[in-house]
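J.: Those sequence lines, one after another, are chains V and U.
The first sequence begins at 1 in the working numbering and counts up by one.
The second sequence begins at 1001 in the working numbering and counts up by one.
Since the hints were derived computationally from the structure, they do not count as laboratory data.
Each hint should be verified, as a subset may be incorrect.
Result set (BS3-like, lysine-lysine): computed pairs, CA atoms no more than 27 Å apart in a straight line [as the list claims (entries may be wrong)]:
1. U/1578 - V/50
2. U/1643 - V/84
3. V/86 - U/1643
Label pairs and their calculated CB-CB ranges [said to hold, decoys possible]:
4. U/1054 - V/636: 49 to 59 Å
5. V/506 - U/1184: 47 to 57 Å
6. U/1186 - V/355: 54 to 64 Å
7. U/1635 - V/113: 18 to 28 Å
8. V/185 - U/1029: 46 to 56 Å
From the three backbone atoms N, C-alpha and C, an ideal C-beta is built for every residue, glycine too.
2 protein chains.
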Amino acid sequence: MDISFSNDPKLYILLPIVYYAWQDAAISNEEYTQITQFIDKQDWLTKAEKEFLSSKINTASPPSRSELFHWKENIDRALTSNSKPKNFTDLGILLANAERISLSDEEIRSIAPKIAQLEQQLGIVSVEILSEYQKRTSITQSHNTKSSFDVSLMTELLNGEQSEIINKVKSIISREDFTPVVDSDTKVFREKVFAWCKILADAGLGSYAYPTACGGKGDMEGYFAIMETLSYQDLSLVIKFGVQFGLWGMSVMFLGTDKHHAKYLAQIGSLELPGCFAMSETHHGSNVKGLQTTATYNHANRTFTINTPQKYDRKEYIGNAAVHGEAATVFAKLVINGIDYGVNAFIVPIRDKQKQTLPGITIEDCGHKMGLNGVDNGIITFSNVVIPYDNMLDKFASVNEKGEFESPIPSDNRRFFTMLGTLVGGRIGIPRSALAAAKVGLTTTIKYSDNRRQFGPDSGQEVPILNYRMHQLRLIPYLAKSYALTFALQYLTKRFINRTEADMQEIEALAAGLKAYTTWNVRNTLQECREATGGKGYLSENRIDDLKNDTEIYTTFEGDNTVLMQLTAKNRLGEYRKEFGEISVGNIFNYVVEQAKTGITEKNPFATRNTDESHLKDANFHLQAFKYRERELVSSAARRFKKLTDDGLEPFDAANIMHPHMIQIADSYLDRVVLEQFLAKLETVNDPTIKDTLTNLYCLFALHKLDEHKAWYLEQGYMEGVKTKAIRKLVSQLCWEIRQDAVPLTEAFDIPENCLGAIATFKAAQA
Amino acid sequence: MDISFSNDPKLYILLPIVYYAWQDAAISNEEYTQITQFIDKQDWLTKAEKEFLSSKINTASPPSRSELFHWKENIDRALTSNSKPKNFTDLGILLANAERISLSDEEIRSIAPKIAQLEQQLGIVSVEILSEYQKRTSITQSHNTKSSFDVSLMTELLNGEQSEIINKVKSIISREDFTPVVDSDTKVFREKVFAWCKILADAGLGSYAYPTACGGKGDMEGYFAIMETLSYQDLSLVIKFGVQFGLWGMSVMFLGTDKHHAKYLAQIGSLELPGCFAMSETHHGSNVKGLQTTATYNHANRTFTINTPQKYDRKEYIGNAAVHGEAATVFAKLVINGIDYGVNAFIVPIRDKQKQTLPGITIEDCGHKMGLNGVDNGIITFSNVVIPYDNMLDKFASVNEKGEFESPIPSDNRRFFTMLGTLVGGRIGIPRSALAAAKVGLTTTIKYSDNRRQFGPDSGQEVPILNYRMHQLRLIPYLAKSYALTFALQYLTKRFINRTEADMQEIEALAAGLKAYTTWNVRNTLQECREATGGKGYLSENRIDDLKNDTEIYTTFEGDNTVLMQLTAKNRLGEYRKEFGEISVGNIFNYVVEQAKTGITEKNPFATRNTDESHLKDANFHLQAFKYRERELVSSAARRFKKLTDDGLEPFDAANIMHPHMIQIADSYLDRVVLEQFLAKLETVNDPTIKDTLTNLYCLFALHKLDEHKAWYLEQGYMEGVKTKAIRKLVSQLCWEIRQDAVPLTEAFDIPENCLGAIATFKAAQA
């Protein structure tokens, strides 16, 4: 009788390895040789048996397809029993026994370890392969969406007091004529956006923030809610809206006086008078203090002459300028009798009602942009354009009857920053708009990921990609951050609206910082959305394209992010120096004791190695750690700057070296503020399911930030490796848990369906 | 006589603070009060003097502009002397002395500390302000571009052996008719790109890699150089070129046999027969093993019937499909007599010469995309399309005369991966193309940053933004990485071309990994370029727009990056298991000794805290650290997987938890390979200036990577905080040094000028 597996059952012990060798694509020719050599060395096999087995592992004459199929049938039969083989050797024995010809226990004891060694040598992970063979189900396959809270309650919480106006805007943008535009011709798109703006103006939304006397509602908070909600639909519209009613209208409102309000605001709010905000120049974008445009006063006829001295002193990137704008608030250095009185603002007509450019004005189109092509950005050059006396926006400075400069603020520097301070609103509107765009991307991506299936065990249904830990780690922390930032930006808005002179500087620093912090976060969120949706994320119909390209400039708008972060950090460092100055004058002893206590309570080995889940989830731990980072970064910056300049470096050079450090200061401050506002919001929640869900999101936010900054904490000795590893593990675990609520958490954003990407409603055929 | 500063010179001591209070925008009302209170408490002032000083610090009656001007004149006069005041107190004394009425030393000794305290309380950084007042120059202002090497020699080094073909391609793309397109209508753009392809085909570039018998040059290395060089110009062109001559042509070349080569290759190479590569399906993108399209064999007439069973089994994102393709290589499951023989490839005609879609074929347009709109991606659905027997690409499988399946590779799995393995070229072409795009972005951005000036001391010229440390840190490490990746991808190309069966798996893992590693790096590079160029970076004329949006899909092309990184890591883990298996079989003792030695030499306190610059710049230190990370990540993964499954987790769940760990494995492996190839390239350099420059870039690359992974090294105890901080400092220092060579280093890429953004040639008016 010929030798065969069924005739000679002990040979079955090697069948799993032989089958694997042919089935797995990762085994190399070298390894076939290894198996053959192994067979050759086995003293429990006869020469004939060895020859038979070797013939089954010969790459020159591979087994037929049906033979492979037959082997697999044998394996499957052996695996239906209750026994659970741990490796290929166990499986081989099971196969041999299935043929009812058992080997003696002694024989098995002698053979088994040898085969186990071979498995190891071949790098076979048999536990994995056996799981596949047995079609065992995994939690990765069965994990799914299960809402644990009332979505509409969550929406209420997110909307806060602005539900009414938010819903009004949503009812407009969900209309069919507001469906987002894909791949439109620039000219057509610009007119579409203008028409949308007109509809919004007619609905009374343009003048919402203006005084009631000028046709508005005097509701600045509502204005920001409008900007934010419009951002679900189209960002060109938001920016056009913001340029017209925010920048242009509010520069008149805040920098002008009654005469300007009476003359312009109603017309601006109704879009009868489209206008621009002409600040940036080609050579001076971030550095607005360096603007070169001049406004020369002529006392003889009480006029100002607006002029662009050099080519690159022209106003650039000016929204509404290329097509629709009829006037502009122009920032220019006021010159009286040859003396420069610093930058002031003037209303300059640029086009007539027939949209003809006025004499002395040259306007070029900025041309095609990466995004926001529904906004007509232009370049304006002034060639000695004469405007009447009343066109100076004279709230902070004016020219008196005698032709002399007058201002309640003597320093040009100070006046300039006070003027700019009134325009801080842009630094609130932009991050709120950005965050809304991120929410559209996240909702689209998370809903798709819940339905899209890819990969899985060889036998069995493919797995929703949202069940993959890596996919969760890419998206769910951004979901938590979106919630965190929603609360932080609402807080900023309220503080801005209720500002007093005393806290204005702090609010400006916070707005500058949160603008940078949020827009960078949105940039990262949408990047992950793009990649997480693969090829679908590249199709314009899914909107990630436009959301990403439109918000791309938000990191530059209203000030380059790195410059703004420096500004925030400078404020923090200044505050620290004052505080420290006062302390060193006052009770230095208490301060030292306070600092030392931190050392004792936070840096003792128990704390630095504490990995209890209850500790890691404790808000006090988070707050202490966030504050420690903030305090330490700012105090070390003060010391470092002193050391560098004491060592003889010029302060400008020292500051240059410290730029990255300064950005860390701003970042740590913003982290802390955002954390605190999340906690403050949690305090207001009564519904227990909402509270639990939000608490999980909060924890993820806090721990993800600690994980992000773990290098710093490790460098400081504030945490040890064992703790940072525990945090990383907990972040992954929280993502896994929150995944079940991820879809409802995006549904709570309540974004009109026509504003989502097409794949948000994708249904997998296999689902 | 009235009290005034000039009448009562000791009051001058307080003038610097008074002047600062009005000049600086950061001082608050509260602080005016603080100053007033301070004045009130001074016993060296009379009541009248106190009243006078208080009147000068009263926000209700600020000093006039001319008074402020006059104070500043006084300060400037005092500062022209050689004395160097250290703070406002010193300056005040100087002012007092300038009026020639000195105070007694004793008086000064008593007054000075009090004022110094006030300065501290107000948080005034007088060293900074005094530097501004004195208009001292800084190295930040004077740093500039200074080439220290021969640019053309560097270009030669970068081009390697491919100079000739690279220059040929450059001579074509620098022609005026190849000027990159901005904002073109999609239809027009697609035709433009097709016309460009035709010009390239006519120049013999399309068939470059094909056998000479089919009109080619048999030069695969040249083909990759062509792809890379074309990427400077337009990425739609590159992808269209790659689809036609790479994917379509090479699927015929590698999966077909002589009969296919003879019939198709010449026509493909000349673009007479435009075609597609139809692999991805809507429901199966990354998971190509799950493809559902069927090719059913009919022995009666020896034909195959190609069919799309369910709607979402259609072929999606297929390049060349929407408009130009006349045929396609279609991947489908071969079914013979109801038995599924796995995925195979077939040539299917889809359009006639008049571009009419053939019967049974339905083609939809994918529509507008985020980028690459010059490529006509489409969706193909097959409704029982019958193709002749000869259309099966039968290199790896065929149907014999008897209608039976035949293949030299019995396992479907194995055959499928062998087939895919021949198509690995795409994973080389894509990263090389991406890197070229990044170089266009970097060149444009760095040249602009060298000329663009923004901010600076109040008095004095603004500073080139490339002199800012933060700006350097954003760009210069990417410059180093671009050099590093150039060498690594050339190495990969050579290994791919000279591959043998034995190293094929390793090369596939390397290609998959380097594709992901490079395209992610390019994504980050172009993101920084966009932000670093501010508003300019948003204008399409500067090309960062298109470069970024076109390469955006490169992270998904040829396999999603996270999936590819898993693939690479699996290979590394498999290799490790085999090695470890062999070791544990063989001499486990030696292995343990080897591991322990690492502990002794690398983890001793001297090594973990060593911050000597010579040590930090030592290639041996870098190599050891890179290898340690690679080895430790892979061995801990093996242990962790065992522990998780031993604890009862299903292997699929354990693998899921370990995805992030796996990505780290791939990353550490790729870091090490890239580092080694940079070092290998350095070995070949003879010119000392080139060598020095490249060594600096190499060091920056190595240290920047160590800085990036410092959290991991700190967690492991491989480095202590003092060392990671020293590395960070050295990274910043290297960026500062390399900045002088940054422009020439981009010039060495030798990118045709018409391919750069318009701002690359921007000249600052102030320069």
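J.: Hint by hint, note whether the structure agrees.
T.: Quick rundown of the hints versus the structure:
1. Note on residue 1578 of chain U and residue 50 of chain V: the hinted pairing holds, with a Cα-Cα distance of about 24 Å set against a maximum of 27 Å.
2. Restraint check for residue 1643 of chain U and residue 84 of chain V: satisfied, since their Cα atoms lie roughly 18 Å apart, inside the 27 Å limit.
3. Pair hint residue 86 of chain V plus residue 1643 of chain U holds up; C-alpha atoms about 14 Å apart against a cutoff of 27 Å.
4. Checked against the hint of 49 to 59 Å, the pair residue 1054 of chain U and residue 636 of chain V fails, with Cβ atoms roughly 37 Å apart.
5. For residue 506 of chain V and residue 1184 of chain U, the hinted distance range of 47 to 57 Å is satisfied, since their beta carbons lie about 49 Å from each other.
6. Between residue 1186 of chain U and residue 355 of chain V the C-beta distance comes to about 29 Å, which lies outside the given range of 54 to 64 Å.
7. One distance hint, 18 to 28 Å for the beta-carbon pair residue 1635 of chain U and residue 113 of chain V, holds here, with the actual separation near 23 Å.
8. Hint check: residue 185 of chain V to residue 1029 of chain U, Cβ distance near 54 Å, so the stated range 46 to 56 Å holds.
Of the numbered hints listed earlier, those contradicted by the structure are 4, 6.
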